[in-house]
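Participant: Use the sequences and the hints to build the structure in full.
From first to last, the protein sequence lines stand for chains B and C.
Going by this note's numbering, the first sequence opens with residue 6, and the numbers climb by one from there.
Going by this note's numbering, the second sequence opens with residue 6, and the numbers climb by one from there.
Don't read these hints as lab results, they were simulated from the structure.
The structure presented is a predicted model; accordingly, all values stated were derived computationally and were not measured.
Don't take each hint at face value.
No copy labels: a pair is met if it fits in one copy or bridges any two.
Said to hold, decoys possible - The calculated DSBU-like cross-link candidates involving lysine-lysine, where the alpha carbons are at most 35 angstroms apart (straight line), are:
id : residue 1 : residue 2
1  : K165      : K182
2  : K77       : K17
3  : K77       : K165
4  : K150      : K182
5  : K77       : K58
6  : K15       : K77
7  : K182      : K58
8  : K150      : K238
9  : K15       : K165
10 : K15       : K58
11 : K15       : K182
12 : K77       : K182
13 : K165      : K17
14 : K150      : K191
Protein chains: 2
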Amino acid sequence: MDGAVTGAAKLKLYDLAGADPARRFSPYCWRVRMALAHKGLDVETIPWIYTEKQAIAPSGQGAVPVLVNGDKWVFDSWTIAEYLEDTYPDRPSLFGGGAGRALSRFFAGWADGVLNPGLLRFVLLDVWKQLDPRDQEYFRQTREKRVGTTLEAFTAEREKYLQGFRDSLLPLRLALKTQPFLGGDKPLQADYIVFGGFQWARTVSNFEVLPADDRVAAWRSRLLDLFGGLARKNPSISG
Amino acid sequence: MDGAVTGAAKLKLYDLAGADPARRFSPYCWRVRMALAHKGLDVETIPWIYTEKQAIAPSGQGAVPVLVNGDKWVFDSWTIAEYLEDTYPDRPSLFGGGAGRALSRFFAGWADGVLNPGLLRFVLLDVWKQLDPRDQEYFRQTREKRVGTTLEAFTAEREKYLQGFRDSLLPLRLALKTQPFLGGDKPLQADYIVFGGFQWARTVSNFEVLPADDRVAAWRSRLLDLFGGLARKNPSISG
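Facilitator: Written as structure tokens, this is what we have:
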């Protein structure tokens with residue numbers, strides 16, 4: 006259970022899990038976990054593996070995160086964040102208003118288009134290692150088709166890509182030069198959108214993608230500390 | 006003169022100009038030109054060339070944009086945008102509130118760290134060609150030192166970099182998938198921050214950096230149309 010309970014109806018979240026059901030590693034599920042905690046909403050997270058499509062069939066599609074609120078099923082991390090913002094408007098805002106909501110789209114675009122593809126090069130095989138055996142063949146087949154080679158070959162020379170990846174974080178590094186969070190003095194959904202990628206990587210892999218003295222590492226650490234260390238407490242290979 | 010006058014004190018903006026004093030090409034000055042028009046503020050733009058450091062000495066530094074409001078001198082495009090937002094709070098907001106202001110930093114980080122360096126590869130020599138003869142030697146010396154080669158060599162094989170540049174715009178393309186502006190239904194300073202780079206490129210160069218069917222090109226066109234075509238009316242090599 007995450008966050009503080011204050012009489013809200015109990016929400017359920019289907020949350021991608023590994024062979025260890027406590028290991029939750031999806032960058033998109035983490036966007037929602039952090040959003041729920043930001044709103045102070047209690048949630049029951051249900052460990053889910055890729056091949057359990059049937060369990061989330063009522064959502065009308067086959068990927069998590071899926072949020073269930075009574076008889077309402079909501080999927081897609083962006084849609085869920087908007088749903089939470091609109092359903093619980095009196096709780097701390099995830100976007101800081103209409104302008105903030107629109108501007109947050111670019112953070113999703115950057116995370117989906119730059120950050121997460123960059124991280125994939127480092128952690129794809131490590132993800133596979135953490136999967137439930139029932140998921141491993143499915144994951145290998147779909148991902149090897151997507152990247153055009155074996156998981157092993159895709160990640161074999163990952164050190165070669167490290168400097169380029171770190172360089173690609175420059176926009177983040179510049180934005181954090183004058184403020185502790187992308188949202189300013191306090192974190193917003195934009196922070197959680199980006200943080201999801203880093204949390205994904207550290208949960209399945211001990212390959213450190215950030216230099217210790219990087220401003221981005223300090224920001225990641227602040228995110229790990231939020232909500233009583235919600236993200237830090239998640240079982241993680243990086244320790 | 007830009008924008009509508011409604012009894013505001015006349016502002017002055019030192020604005021980078023070429024051999025044709027009407028050709029204004031600085032991406033940072035364009036951030037301010039658009040911000041002033043967004044606020045509906047009248048401004049007298051003063052054409053300025055790199056070697057006229059003395060003219061802006063009262064600002065305490067040597068680069069434009071520099072805004073003058075009575076005896077107040079303000080420099081740096083971000084600082085000027087904040088100054089306008091705080092000085093004219095009753096006019097249309099550039100940030101849409103505190104969250105939007107903080108989130109806009111990332112757009113500046115992306116423009117400064119990814120977009121404008123990417124465009125530089127295409128237009129650096131073209132910038133030089135448009136400069137006032139008094140600026141050309143200064144510009145060549147300082148820029149060749151910065152890029153480590155001649156202006157001609159730096160841009161000679163620019164076609165080779167075009168696909169990589171277009172790929173680097175993916176975050177922008179994704180953000181604009183569901184809304185006409187980065188700010189949502191209406192443009193905000195985040196749009197102007199990014200647009201400045203594209204306006205810089207088209208003002209000095211006929212090298213087209215966007216495919217015609219790119220969603221980003223449609224967005225650029227919307228920006229060019231704003232405020233009675235303010236940016237479109239600026240003399241431009243791209244026509």
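Participant: At most 35 angstroms between CA atoms: does that hold for K77 and K165 within a copy, between copies, both, or neither?
Facilitator: neither (46 angstroms within a copy, 50 angstroms between copies)
Participant: Pop the pair K15 and K58 into one bin, within, between, both or neither, using alpha-carbon distances up to 35 angstroms.
Facilitator: For K15 and K58, the Cα distance is within 35 angstroms only inside one copy (23 angstroms; across copies 64 angstroms).
Participant: With identical chains treated as interchangeable, where does the CA-CA distance between K15 and K77 reach 35 angstroms or less: within a copy, between copies, both, or neither?
Facilitator: Classified as within; 12 angstroms inside a copy, 56 angstroms across copies.
Participant: How would you classify K150 and K238 at a CA-CA limit of 35 angstroms: within, between, both, or neither?
Facilitator: within (33 angstroms within a copy, 49 angstroms between copies)
Participant: If the cutoff is 35 angstroms on CA atoms, where do K182 and K58 land: within, between, both or neither? Let me know, please.
Facilitator: Close across copies (28 angstroms), not inside one copy (43 angstroms); limit 35 angstroms.
Participant: For K77 vs K17, is the C-alpha pair at or below 35 angstroms within one copy, between two copies, both, or neither?
Facilitator: within (10 angstroms within a copy, 56 angstroms between copies)
Participant: Reference check for the pair K77 and K58, CA-CA at most 35 angstroms: within, between, both, or neither?
Facilitator: Within. Shortest intra-copy distance 18 angstroms satisfies the 35 angstroms Cα cut-off; inter-copy 63 angstroms does not.
Participant: Between the shortest in-copy and the shortest cross-copy C-alpha distance, which are at most 35 angstroms for K15 and K182: within, between, both, or neither?
Facilitator: Between. Shortest inter-copy distance 33 angstroms satisfies the 35 angstroms Cα cut-off; intra-copy 39 angstroms does not.
Participant: One pair to classify: K15 and K165, alpha carbons no more than 35 angstroms apart. Within, between, both, or neither?
Facilitator: For K15 and K165, neither the intra-copy (46 angstroms) nor the inter-copy (55 angstroms) Cα distance is at most 35 angstroms.
Participant: Have a look at K150 and K191 and pick one of within, between, both or neither, based on CA distance no larger than 35 angstroms.
Facilitator: neither (40 angstroms within a copy, 40 angstroms between copies)
Participant: Are the CA atoms of K165 and K17 at most 35 angstroms apart within a copy, between copies, both, or neither?
Facilitator: Neither, since 41 angstroms and 50 angstroms both go past 35 angstroms.
Participant: Indicate which option fits the pair K150, K182 if close means a Cα-Cα distance not exceeding 35 angstroms: within, between, both or neither.
Facilitator: Classified as between: cross-chain Cα gap 26 angstroms, same-chain 39 angstroms, threshold 35 angstroms.
Hint check: violations occur at hints 3, 9, 13, 14; the rest are consistent with the structure.
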